[in-house]
Amino acid sequence: MINLFKNSGLSVRLDLNSLKLTCADDVLKIEPDIRTIQEMKGVLLDKKIDAPRELYYMYRGLCKLKDKEKITANRLRYDITIIRGGFLGDEFIKTSGHYHNQHYPEIYEVLWGEALCLMQKPQKDDFSKIEDIVLVKAKAKEKIMVLPDYGHILVNPSADFPLVVANWISSDCRPDYSQYKQSRGAAYFITNNEGEFRFVNNEFFKQLPKVRIVRPRLDMKDLGLLFDIPLYDTIEQSNKLSFLNDPHRYNYDSCFMADKAELKAAIPL
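Numbering follows the UniProt record's numbering, in which position 93 of the sequence shown is assigned residue number 93; successive positions increment by one, without gaps.
Simulated from the structure, these hints should not be mistaken for lab results.
Mixed in with the good hints, there may be bad ones.
What the hints assert, rightly or not - Taking lysine to any residue and the SDA-like style, the derived pairs with C-alpha atoms no more than 20 angstroms apart in a straight line are:
no.	residue 1	residue 2
1	Lys121	Cys173
2	Lys206	Ser178
3	Lys29	Gln102
Unchecked claim - Label pairs and their in silico Cβ distance ranges:
no.	residue 1	residue 2	range
4	Gly89	Phe204	16 to 26 angstroms
5	Arg13	Lys124	41 to 51 angstroms
6	Ile49	Gly195	19 to 29 angstroms
7	Tyr252	Arg174	13 to 23 angstroms
8	Arg249	Met1	34 to 44 angstroms
9	Phe5	Lys206	24 to 34 angstroms
10	Leu16	Ile37	16 to 26 angstroms
11	Phe204	Lys66	45 to 55 angstroms
12	Asp149	Leu226	38 to 48 angstroms
13	Lys66	Glu31	14 to 24 angstroms
14	Lys66	Asp228	17 to 27 angstroms
15	Gln237	Lys206	36 to 46 angstroms
Glycine included, each C-beta is placed from N, C-alpha and C at the ideal position.
Input sequences plus hints: build the corresponding full structure.
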């Protein structure tokens, strides 16, 4: 069992065998939504893959019992997602991908493992033409800002270990999976190439810019989000999460910094 309290701020443990959470008595009990291989086939590079059956687990609406009313009043929701380690053919296991309605952003925090987040911004009149693509590489305790008007997927780049992430999002936000389904995946498929990452073009798209590779800033001071304070604990000062319901009041440029290390993965095919 992995104790996630230090990084999450919630008294929850992860069973590495079942990939399920166990919650303490002061945490609201939630059954996970489970994304299966059958639901994901349409967005995979190799659409003949049929195992493993369960790919990731989404605990939506987790909270301390004492915080439930405050979270509801602030139109927020806190989730934890566990993504299995391993491969789907050559591709790393990932989420299905979605956009948000009404320009809502989202903020993630890596609780355990390492994460890749691939964000893409389509043209307003043609979503087969992508204006910008950003790959965020993040480790435990680092936070990932999903920008307004960008779709995104999360990728677990580990062959052996799960990725555990938490997120805050507006409770008014509704995920839109339809464009990722129509395009049969994200703009790029991220594959394993003898231990290195490799991008494979999704041939649905008519325009694909070069991927910008960034890392999260440890402290997002403009938003009041600090590396050493678990994302969940910001509910104690809920004004720090106001950007989730009022995104255009904020500048998100300070959320990222260029990744100075050369990433051999950045080789579009």
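Practice task
Kindly confirm whether 14 to 24 angstroms is satisfied by the beta carbon distance between Lys66 and Glu31.
Solution key: With a Cβ separation near 21 angstroms, Lys66 and Glu31 satisfy 14 to 24 angstroms, so the hint holds.
Handout entry: Distance restraint evaluation - Phe5, Lys206, Cβ atoms, bounds 24 to 34 angstroms
Key = violated (47 angstroms)
Exercise for the section: Measure nothing beyond the straight line between the CA atoms of Lys121 and Cys173; if it is 20 angstroms or shorter, mark the hint as holding. Expected result: Given that 20 angstroms is the threshold and the Cα spacing comes to 18 angstroms, the pair holds.
Handout entry: Range hint compliance [Cβ, Lys66 to Asp228, 17 to 27 angstroms]
Key = holds (23 angstroms)
Exercise for the section: Please test the hint of 38 to 48 angstroms on the beta carbon pair from Asp149 and Leu226. Expected result: Check failed, 26 angstroms falls outside 38 to 48 angstroms.
Exercise for the section: Could you tell me whether the CB distance from Gly89 to Phe204 stays inside 16 to 26 angstroms? Expected result: holds (18 angstroms)
Exercise for the section: With respect to the beta-carbon atoms only, verify the hint that Arg13 and Lys124 lie 41 to 51 angstroms apart. Expected result: holds (44 angstroms)
Exercise for the section: Given the hint of 19 to 29 angstroms, check if Ile49 and Gly195 actually sit that far apart at their C-beta atoms. Expected result: At 20 angstroms between Cβs, range holds.
Practice task
Take the C-beta atom of Arg249 and the C-beta atom of Met1, compute their distance, and say whether it sits inside 34 to 44 angstroms.
Solution key: Hint holds: Cβ distance 41 angstroms, inside 34 to 44 angstroms.
Handout entry: Proposed proximity, Ser178 with Lys206 (alpha carbon, max 20 angstroms)
Key = holds (18 angstroms)
Exercise for the section: Can you let me know if the beta-carbon spacing of Leu16 and Ile37 is within 16 to 26 angstroms? Expected result: holds (20 angstroms)
Exercise for the section: Can you let me know if the beta-carbon spacing of Gln237 and Lys206 is within 36 to 46 angstroms? Expected result: holds (44 angstroms)
Hint check: violations occur at hints 3, 9 and 12; the rest are consistent with the structure.
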